[in-house]
Amino acid sequence: MPGVSIKIVGYARGFFDSPSYSFILSEGMTIRGLFLELSGHAGPDFDRAIYDIKTDRMNEHIAVFVNSKEIRALKGLDTRLHDGDVVTILPPMAGG
Amino acid sequence: MKGICGRLIRVNLTRNSIDVETIDKEVARKYLGGKALAAYYAIREITKGIDPLGPDNNLYLFTGTLTGTPAPLGNRTVAATKSPLTRTFTDSYMGGYWGPELKFAGYDGIILEGASPEPVHIHIQDDEISLVDAKDLWGMDTWQTVEAVKKSLGTTKRPAKVMSIGQAGERKDLLAAIIADARAAARGGVGAVMGSKKVKAISIIGSKRPQLHDQKGMMALVKAQNARLNKNPVTNDALRYRGTPNILLGVNAVGALPYNNFSGDENPGADQISGEAMQKTLWNDGKNWHPCWNCVVKCTHYHVLEQPGFEGKIDDGPEYETVGLLGSNCGINDPKAIALADYLMDGYGLDTMSVGGTIAFLMDCYGRGLIGKDMTNGLDLKFGDLNAWMAAINAAGKGEGNLGRLIANGVVKAAAEIGHDSMDFAPQVKGLVFPAYDPRSGEGTALSYARCERGADHLKPWVFHMEWLSSTQRVDPFTTEDKPALIKMVSEGSALFDCLCVCRFAGNELNTEDFLALVNAATGFNYTYPEFWAVGERAINLARAFGAREGFGRAQDVLPKKFNTVPLREGLAKGSVAHVDRMLPKYYEICGWDDNGVPTPEKLRELGLGFVVDELKEAVRGAEAARAA
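For the protein sequence lines, the chains are A and B, in the order given. For the first sequence, position 36 (counting from the first letter as 1) is numbered 36 according to the working numbering, and the numbering increases by one without interruption. Take any residue in the second sequence, count from 1 to its spot, add 96: that is its number in the working numbering.
Some hints could be false.
[Said to hold, decoys possible] Beta-carbon label-pair distances, calculated as ranges:
| id | chain 1 | residue 1 | chain 2 | residue 2 | range |
| --- | --- | --- | --- | --- | --- |
| 1 | A | Asn67 | B | Thr568 | 20 to 28 Å |
| 2 | B | Gln311 | A | Lys54 | 29 to 37 Å |
| 3 | A | Gly40 | B | Lys327 | 25 to 33 Å |
[Stated by the list, open to error] Think about it this way: if two alpha-carbon atoms lie no more than 25 Å apart in a straight line, the pair counts; the simulated BS3-like pairs of lysine-lysine are:
| id | chain 1 | residue 1 | chain 2 | residue 2 |
| --- | --- | --- | --- | --- |
| 4 | A | Lys7 | B | Lys670 |
| 5 | B | Lys670 | A | Lys69 |
| 6 | B | Lys327 | A | Lys54 |
| 7 | A | Lys69 | A | Lys7 |
| 8 | B | Lys376 | A | Lys7 |
These aren't lab readings, by the way, just hints derived from the structure by calculation. Positions of the beta carbon are idealized from the N, C-alpha and C atoms, including for glycine.
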């Protein structure tokens, strides 16, 4: 089905009411627009943990991929989404 | 000297002699400690071509410049030697308390040479060093050994810190580890070398502290740096509550978590063995901390075992690499079973990573019909079969049957015996099993594994993090042009950590400038940044030269065929394979190595390693002859 799929990984799931979502793509939708959609599914820590709507800033420690590209290598919050895209959100991680 | 003690203990097990020798100040300044210092001693003292399990090999148990000082996370010890598994220089590290205690007793390291005819236990209490008969300890696992050693010492002012080998080391199994404080210096068979010398245990009680050049300045640095570590979301949250497996679901989302012998598929049951799951099911909401000495991060958690026969026993971990390789890669997604396996491996004294990689490889061979039940001790050795898997682990630990022998000696020996095309899908470089990140997921990871002097390694350097997990140090995983320079730079920085013997997790917040400031405050060496950085490069060139002298070169800097030809099937990196050949020539060139990957005389002299040049002439001539032929 056309649209955008969202996959929330690991600890970041705790900020949302579901580990995955699908949205019908609206015209010109960007990561910023997607975050605004997602905020409706998120708990009170969303602004701090993912994206602060008031300041238009993403948490510098999370990684957000559109398919296999991290959005900092694209156009950040202005990255345009397309039908069939998969957006993956990773929380801060390190170890090994 | 300040920061370091300037003294080493040399034990000759053949002659039954113990000597304390000083470290020349210029040597200390040039090599710092840990990796570089051990490599300096190893290349001078270990003769080319010797049997790694014979009396001519030496085992270097060294601390780093910052071990046992107030520096954040300065608690590690290196076990370095000529590896019986890979036949290269190997340096395996452990955290915990043993290394700091050695510093407190007044020594930077211990050199074991020769071989004892009978089992011995070495006991160090400040200036008193003794060799004690250990026939009664031989045959014990590491848990029993620690208990027996402490009992034999009676009441002491401080509890002794005990390093030991288990039954695997006694048998000289190639995957044998050295264990202390439930931490393992595991990779490369360092436990087999300790076993070949018949050294069962080394216990230490120290009553001093390393003197510091600038105590006040150092403490100010430490306070500020610990405050930063306590604010970083990785060190104060991800690692602190979800341990090293906090990354597991991220690695799985990439498609890089090993599952069913690096099948290239995501593990559909990964949620059960994630850091999030361990936090709840094993670690008392992530608060069962058992930190290493002087660590504010506290990534290690303990779990109280519940299985019949093991009720109340404590397992530290399991860590990500164990979960990934001993669990997921064998198709096992039961966290409590993995914790028990981890406890057993620590007791037998085996490398959980290599054992996991080898069991999974044998499961794959069994599934393909390349081995039958005659090689599996009669087990139906299938991926995900919990009973067969646990039986295989115990067979390895006890050295039972064909299966035990195959597992405990690693994947290359197993593949050589099995034949067919099994070497093509045996996940290893130079005989060392891959860490728990599929190298098809990123060109940096692939190059890092292939060119590493001791075989596939997740810490020399750990670029998977930069390719996929980090938001602040990000590189494109799919490009090859930038990776040679990246790997050179990051591997030298990583080697510096290994000279200081500081835990890598400090690097989530602290940088090399921070460590330069700490080292100068501790030692008074007053390094400039380029001088300091050069120690890391020196360490890598020494280790590389050690391997080159043994005949290692480009032919060994390769990944098995599967990883160059069969793409990952799922995850963010789906469809990718590794392209090491595209990157090696450039990598060698910028390292100052010849086209066979051997350090050139010019590079060695530039690094102040001119004494190695003659050692390598034969290696260079051999490579030239091979090319001419």
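Enumerated hints in conflict with the structure, sorted upward: 2
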